Each structure stands twice: as C-alpha cells, then as structure tokens.
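Kindly generate the complete structure, drawing on both the sequences and the hints.
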Amino acid sequence: MKILIRNGRVVDPATGRDETADVAIASGRIVGLGAVGDFQADRTIDASGLVVAPGLVDLAARLREPGQEHEGMLESELAAAAAGGVTSLVCLPDTDPVLDEPGLVEMLKFRARKLSRCRLFPLGALTRRLEGTTLVEMAELTEAGCVGFSQVDVAIQDTQVLLRAMQYAATFGYAVWLRPQDGWLGKGVAASGAVATRMGLSGVPVAAETVALQTILELVRVTGCRVHLCRLSSAAGVRLVRAAKAEGLPVTADVSINSLHLTDVDIGFFNADMRLTPPLRQGADRDALRAALADGTIDALVSDHNPVAEDMKNLPFGEAEPGATGLELLLSLALRWGRDHGLTLSQALAPVTQAPVRVLGEAVGSLASSAGRLVEGGVADVCVFDPEAEWQVAPAALASQGKHTPFAFASTGMALPGRVRATLVAGTVAYEAA
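Residue 27 in UniProt numbering sits at position 27 of the sequence shown, and the numbers go up by one each step.
Hints in this document: simulated from the structure, not taken from any laboratory. Take the hints with a grain of salt, since some may be wrong.
[What the hints assert, rightly or not] SDA-like cross-link-like pairs, simulated, lysine to any residue; straight-line CA separation at most 25 Å: (1) K2 x D287; (2) K403 x S369; (3) K187 x N271; (4) K245 x P205; (5) K109 x T142; (6) K403 x G413; (7) K109 x G427; (8) K114 x T428; (9) K109 x L367; (10) K2 x G378; (11) K187 x E310; (12) K2 x A368; (13) K109 x A399; (14) K187 x G283; (15) K187 x T134; (16) K2 x T20; (17) K403 x P316; (18) K109 x A426; (19) K114 x V429; (20) K187 x D311; (21) K114 x F172; (22) K187 x D266; (23) K313 x E376; (24) K313 x P66; (25) K187 x G268; (26) K187 x A35; (27) K313 x G377; (28) K109 x F172; (29) K245 x N271; (30) K114 x R43; (31) K114 x S369; (32) K403 x E69; (33) K114 x S27; (34) K187 x L262; (35) K114 x N314; (36) K403 x H70; (37) K2 x S369; (38) K114 x A368; (39) K245 x G268; (40) K114 x T134.
Predicted, not measured: the structure shown is a model, and the values here were computed from it.
What follows is the structure, given as structure tokens:
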C-alpha cells in the first residue's frame, strides 16, 4: 500500500530535520520527504498537529516466549510495542528454554515476522543455559540472527569464563551485553540506604554495580571486546562509564525508564510494582543518570519491559517477582525526561531512536543506515504521536499481558505527555489509535 502522511511535524534526531512536511511511503520504504509532488497514495494519514518521528528502538524487552506464555506472548507484547511506537526491539535470552540454540532464535524471528508488528532482534545467551560455565556457539547464533550475547541478570562468577567469552567475541567482532552487578553483593531486594533499612529490606549496595563495572572495564582493556553496559543504576557507575569513554574504551550504556524517573522512596508502603531489577536508588543517583543521558555518557533509554503475572506480583515485596511492563510508556517517559531537562523534542527522542541503532551497529545489517531515522530510500518505520496529549496510565488498558507498572496513575498521580496515534513498520500500519 502507498501511504501519504500529510502536514506532520517531521522530527528526525539523526538528520536534525524539524519541519512541517509530508512523508510518502511505498513498498515499505520512504520515497519522499517534504514536498512529494503528485504522489498517488492509496491511503492518506492527516498528521496536522502531530509529530512524525522515526519508529522507536528499544534495547531491552522480555517477551516471555518461549516458555513463559502465562506472563506474555509474542502477540500481546509486540502489540504493546506497536501501541508504544516501538518498531524495533532487542529481546533478552532468559526464556525457557534459554536462547542458546540457533533453532530457538530462528523460530522466534519467524514468529515475529509473521505478526508484522515490530522488528525483533534477539540477544543470544553468552553461556549455555545462562549457567556461566560453558560458552555458546556464538557464530551459529549470530548466523541465526542474534545481535549480541548476554547473561541478562545472571552474573558470571568465574572471571576466567568471562575473559574467554570476551576474547572470543572480540576476535569475531561480536558485542557482549552485560548488566554490571556482582553476583554476591547483588542478592538483596532494594537499594541499600535509609529506606531499605527502615523497611527491613535486604539491600543491594552501589558497590554491587561498581565492583562488577571495574571488572568488566578491565577485561575490555585486556581484550578490546565491544561491551554494552545494560541498565546502569548509580551515580558511581556513571562516573566509571564516563571515565571509560574518555579513555576510548569501546563501551556503550543504557538506563531504564524506571531508574530515570523513580527512586527508592517511591516504594512507599511496600508497593510490589516498585520491585525492580536493578533496584530503585536514591535521588542523587537518579539525577546523575538523567544528566548522563543528556550529555551522552549513557547512550540509550530502554523500557526494560518485563511483564509479570498477577500471582507473582501480589506477594510481599521481598518475595514478589521483579519487573514491570514498559513498552507502551517508553515514548512518554522519554518526552517527560526531555521536558524536565529543558531539551528540544529532537534531543528527547534521540536516546530512543538514533542512539540505540548506533549501539547495535553492523549487527542489524542494512538496517543500520536507516532504522531509527527518516531518510528517503530508508525503511518506513514511523511513529506518529500527539506531543500535547496527556494521559493517565491505567494498567488494565495496556495492551501488554503484564498489567503491573510503577507508573500507574493511581499510585503516582503522574500524567504522562505524548500519545501514539499510529505506528508503521516497513510501510504497514501496525497500530492506529481508535
């Protein structure tokens, strides 16, 4: 179908474009930007008063399939992605079974292609069954479609195994995605501090992040491996990453929407929706993360989407399963962060469009030159949203199968800016607001 998006404010952080223009789409690609002449469209979308931006790219989402379909399925979670304006996402390998075999990766990608809701880029497990002992066949998993390798939240205890993994990855140009958390220090349920002490919750000290970070960065120096640091949570961690980048180490980093906006005080009266990994830290940490995202020390903002079943959340705080739904909130929370920091719309969108694609690099093949941006000849992955609309998060109304979010209006009283009106993936309308 030929689609014409008319009279929208076209904002593309990658090219600096910010102007009222038309976007012409045919055969899954953008064929015209600006004045599109006598383009004959099968369908016209009136974007007057709306922003036309690149589709969002999310570097951290659990889809729960295979093996955990009671908490989420591809159908529901990719529908949530489309409703949130997300056109490409990286899914984590801690499924059941773990994504450590090419056949599992190929099946997941095939299912996602059939649904045509969102582009899917799987991360493969770094070690067999995420047990931290035996390395996976990285070459085979890369051929099957993996864009990198991760241990998710399972720290490798044996540093020799991590060294070998990074040496192998560096040899073949693969990226290793690691969340810096020491396996022994990180066993608590809340961030160490006055709130955790007062509530009697076991704490996770900042050292759990910085000890792991120091180890990872030293191994990067030794191996030259390209490492993406996932979901930083502390001011001390930011300082280490800033120094590593200044040194020229090949590292990138992201932060979750939860850590960017919330603190441990938001736990309130043991609200299990605030039971998250990494745990919410103090206000000074949140402020440092916000500033680091603005100055580029942290590259990308992620939803850290992790749908959790009702019976796994309705438990005492320390026993509840960590996680929250986030795909449908990513755009709004990026916009809110931008407003709070006095940033332009283009600057607010950059960490969820062009920057994540830069992190992925050549792993996404030909998409590297056009995903996360709006360019003639590029893929027509587009998010159309109303920047002035405000909405209240009602968990029951979310498309995701997981209905738990720390940003529910009933809990926070927080109205969020920006509402997605349409999402196009490869020139096909994947979502349209009623």
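Structure-based check of all given hints:
1. K2 x D287: Status violated; Cα separation ~45 Å.
2. K403 x S369: violated, 35 Å
3. K187 x N271: Roughly 19 Å between the alpha carbons, so the hint for K187 and N271 holds.
4. K245 x P205: holds, 24 Å
5. K109 x T142: At roughly 13 Å apart (the allowed maximum being 25 Å), T142 and K109 satisfy the hint.
6. K403 x G413: Satisfied, since the Cα-Cα distance of roughly 17 Å is no more than 25 Å.
7. K109 x G427: The hint holds at about 19 Å.
8. K114 x T428: With Cα atoms ~13 Å apart, K114 and T428 stay inside 25 Å; holds.
9. K109 x L367: holds, 16 Å
10. K2 x G378: Measuring from Cα to Cα gives roughly 15 Å; hence the hint holds.
11. K187 x E310: holds, 23 Å
12. K2 x A368: Holds - the C-alpha atoms of A368 and K2 are around 24 Å apart, at most 25 Å.
13. K109 x A399: holds, 21 Å
14. K187 x G283: holds, 22 Å
15. K187 x T134: holds, 23 Å
16. K2 x T20: OK: K2 and T20 at ~20 Å, within 25 Å.
17. K403 x P316: Holds, at roughly 18 Å.
18. K109 x A426: Answer holds: K109 to A426 is near 16 Å, not above 25 Å.
19. K114 x V429: holds, 14 Å
20. K187 x D311: holds, 22 Å
21. K114 x F172: Roughly 31 Å separates the two Cα atoms, so the pair is violated.
22. K187 x D266: holds, 20 Å
23. K313 x E376: violated, 46 Å
24. K313 x P66: holds, 21 Å
25. K187 x G268: holds, 21 Å
26. K187 x A35: violated, 57 Å
27. K313 x G377: violated, 46 Å
28. K109 x F172: Cα-Cα ~23 Å, so holds.
29. K245 x N271: Roughly 37 Å separates the two Cα atoms, so the pair is violated.
30. K114 x R43: This hinted pair holds, its Cα atoms lying about 23 Å apart.
31. K114 x S369: Judged against 25 Å, a Cα distance of about 24 Å means the pair holds.
32. K403 x E69: At roughly 14 Å apart (the allowed maximum being 25 Å), E69 and K403 satisfy the hint.
33. K114 x S27: The hint holds at about 17 Å.
34. K187 x L262: Holds, at about 21 Å.
35. K114 x N314: Given that 25 Å is the threshold and the Cα spacing comes to 34 Å, the pair is violated.
36. K403 x H70: Given pair K403, H70 holds - Cα atoms ~12 Å apart, limit 25 Å.
37. K2 x S369: holds, 22 Å
38. K114 x A368: holds, 22 Å
39. K245 x G268: Distance ~36 Å between K245 and G268 Cα, so the pair is violated.
40. K114 x T134: Since the Cα atoms of K114 and T134 sit roughly 33 Å apart, the hinted pair is violated (cutoff 25 Å).
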